[in-house]
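Visitor: Sequence order for the protein chains is D and P.
So the first sequence is residues 116 to 403, counted in my numbering.
So the second sequence is residues 12 to 120, counted in my numbering.
Any given hint could be a false lead.
Part of the chain D face toward chain P, derived, beta carbon under 8 Å [said to hold, decoys possible]: (1) 137; (2) 138; (3) 139; (4) 143; (5) 155; (6) 378; (7) 381.
Label-pair restraints from in silico Cβ distances [said to hold, decoys possible]: (8) 110/P / 170/D: 43 to 49 Å; (9) 312/D / 75/P: 39 to 45 Å; (10) 170/D / 105/P: 31 to 37 Å.
FYI, nobody ran anything at the bench for these hints, they're computed from the structure.
Where is the CB? At the ideal position from N, CA and C, for every residue including glycine.
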Amino acid sequence: MRLGWWLLSVLSRALEPAERDVVLGDLAESGEGVGAATRNLLGLIVRRQAGLWLFWRPWLALFGVSCLAGLSLSRIVFRLNVDFYKYAAHYATTLTARQEVAFLLCLAGALTVWSWTCGFVLGSLSGRAVWLTWSVFYFVVLDSALARFVLAGNIILRDPRTHETPLDSPQGALRLLMATMLPLSIAALVSLFPAVFGAFVGVRRRVLTVHHAYLIAAVNTALTILTTWSTGWYDPAHLPARWPGVPWSTRLLPFLLASWPAAYLLACSLPTGSRPKDQAPLQPVPEP
Amino acid sequence: MLGEFEYLLLSAAARLGDGAYGAAIRRDIEAATKRRCSIGALYTTLDRLEAKGLVTTWMGDPTPQRGGRPKRMVRVTGDGVHEAKAFYDAVSRASRGMSWAADRARGSS
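Using the sequences plus the hints, can you model the full thing?
Guide: Written out as structure tokens, the structure reads:
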């Protein structure tokens, strides 16, 4: 019984703090059993969550950050994973050791800042819907590049010689499940941990101060420029016959998609910018 | 024009007067309709009525009966009374001449 009410209080954290106390008080007063109280509470939570999606901000978070920026970050995470392996093994690159280190640091640093900014903007825009937008972001970053490679046939899940799939054995299924659900690579950790932290701060603070926003935007811009520039070492080095490799404008596009939340963050922090309003449905007001 | 549940909520809040708060309104609606009233329906409707300016709400004092948690007190505004009356008049006009309305009138007289 006591465990049931403890679970109810945990569940009620999905509500705004003021409403949480009122509803738990009502449930305690009504003397309902834990089952009925849970049904009632879940009903209210579902209605509140649905109500959040009547506003445009969670939709912008879902499509603009979780999907658009997430797709770009996924591509960059995949690239960083490959590069960690390649540079660690000194495989097929004509870069000097300093250039290799500089490139990896630029990309890892940029990935950290992009991810934190994406997380912050997700939290800021989504509010209490952040669990959903962040979950979509997580799986897009973790799995969309992998899915793209599988769909393009660059990664073969079914061996054509044996017609075996990883799902044929429990170990293979478990390995595939872990690969798609958990951030097992260094690059995924470099991306997803800052994104969790950013979302946590974003839900709490909603808007950064102008100075912090300028700092984030400046670091973001500098790292984006450095990464675009340093990637120029990579392509000619890797594809010497295709000099000058991929044009800088093409290389810049995924970085811009990953870093647009920094521009949004800056715009919101400026005095004339639109600040996210607290969409709390219940605000304590003094007795009339 | 009010919805049916909005009217029930306004009526319950007006009947309870100074003692109108979430749990009490819920009990009153359940007693009137003989049906369960969910907390989700109650509070989302209350928010809607407050947004329309038909009720005002504020946080009441916590009581030991509620585990020291506060109540959400409710008061019907003048506009709320006006809208409830308009709804009742509309239902009364729509029910004129109906057999069930005549039975009710005879039963109450």
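Visitor: Among all the numbered hints in the text so far, which are the ones the structure does not match?
Guide: 6, 7
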